[in-house]
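*Asks:* For the record, in the sequence shown the residue sitting at position 43 is 50 according to the numbering used here, with numbers rising by one throughout.
None of these hints come from the bench; they were simulated from the model.
Any given hint might turn out to be false.
Each pair of labels, with its calculated beta carbon distance range [stated by the list, open to error]: (1) TYR66 with SER33: 47 to 53 Å; (2) GLY22 with LEU52: 24 to 30 Å; (3) THR65 with GLU158: 52 to 58 Å.
Lysine-lysine pairs mimicking BS3-like chemistry, simulated, CA-CA at most 30 Å apart [as the list claims (entries may be wrong)]: (4) LYS96 with LYS159; (5) LYS64 with LYS53; (6) LYS112 with LYS151; (7) LYS64 with LYS191; (8) LYS151 with LYS96; (9) LYS84 with LYS186; (10) LYS73 with LYS191; (11) LYS64 with LYS84; (12) LYS84 with LYS53; (13) LYS96 with LYS84; (14) LYS191 with LYS112.
For glycine and all other residues, C-beta sits at the position ideal for the given N, C-alpha and C.
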Amino acid sequence: MKTIITIVLFLASVGLIFFVARPAWSEVASLRVEQSVVEDALARLKDLQGLRDDLVKTYNEIPRSKVERLYDFLPPKPDSGNILVMLEKLTSDRNIKLRRVEFIKEANRAAEIAGAGRIVIKEAPKFNTISYNFSVAASYEGFKSFLSAMEKNLRMIDITDISFVGGASNLFEFTLRAKSYYQK
8 MKTIITIVLF LASVGLIFFV ARPAWSEVAS LRVEQSVVED ALARLKDLQG
58 LRDDLVKTYN EIPRSKVERL YDFLPPKPDS GNILVMLEKL TSDRNIKLRR
108 VEFIKEANRA AEIAGAGRIV IKEAPKFNTI SYNFSVAASY EGFKSFLSAM
158 EKNLRMIDIT DISFVGGASN LFEFTLRAKS YYQK
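Work out the full structure, taking the sequences as your base and the hints as a guide.
*Replies:* Structure (structure tokens):
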């Protein structure tokens, strides 16, 4: 009798292990895999946090004058007043007369209609432009000096068109069309 009870208890324990403990073991194994995935993601997040902290520290170590210089290169807004001041300074330093400055409003469109019902999608630029026309009265040598100074200026300027009219006593009237850039 004892043997029968022992065999029945043994078979019951094997059945319990097979039907109860095995699914629990599978669930524990899947939770361990999930735990390793979460630990990997947490380790990557800690690495990213360390990288972010390093970048913030490096950014904070940049002198304020250098950051302001970057804003001079690509300002956060159109800043037409600074363009006027820059043009006036460049012309007066070279004994050139700044005659007229005219800012042009531009409409940036993401899509244009091209022909019979087709729409062409343009990639949006990562910056905005401010276009302007201005006229200067200068000699040819003075104008070359002015263009050289504009080329070396920190603010990026694209001159898209130059026209001139000859005048008396080696003095020309130059009309320029230009674009400057600012942040989006």
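*Asks:* Now tell me if each hint is right for this structure.
*Replies:* Results of checking the hints against the structure:
1. At roughly 49 Å, the beta carbons of TYR66 and SER33 sit within the given window of 47 to 53 Å.
2. At about 45 Å, the beta-carbon gap between GLY22 and LEU52 misses the expected band of 24 to 30 Å.
3. For the hinted restraint 52 to 58 Å between THR65 and GLU158, the CB-CB distance of approximately 31 Å leaves it violated.
4. A threshold of 30 Å between alpha carbons decides the hint, and for LYS96 with LYS159 the separation of about 14 Å falls inside it, so the pair holds.
5. With a C-alpha separation of about 16 Å, the suggested pairing of LYS64 with LYS53 holds against the 30 Å cut-off.
6. Only pairs whose Cα atoms come within 30 Å are accepted, and LYS112 paired with LYS151 is accepted, the gap being roughly 28 Å.
7. For the given pair, LYS64 sits about 25 Å from LYS191 by alpha-carbon distance, which is consistent with the 30 Å threshold.
8. Between the alpha carbons of LYS151 and LYS96 the distance comes to roughly 16 Å, so the proposed pair stays at or under 30 Å and holds.
9. With a C-alpha separation of about 14 Å, the suggested pair LYS84 and LYS186 falls inside the 30 Å cut-off, and the hint holds.
10. For the hint linking LYS73 to LYS191, the alpha-carbon distance of about 20 Å falls within 30 Å, and the restraint holds.
11. The straight-line distance between the Cα atoms of LYS64 and LYS84 is roughly 27 Å, inside the 30 Å bound, and the hint therefore holds.
12. The suggested pairing of LYS84 with LYS53 is violated, with an alpha-carbon distance near 36 Å, which exceeds 30 Å.
13. Proximity of LYS96 to LYS84 is assessed by CA-CA distance (about 21 Å); at most 30 Å being required, the pair is judged to hold.
14. Taking the CA atoms of LYS191 and LYS112, the gap is about 16 Å. The hint holds against a cut of 30 Å.
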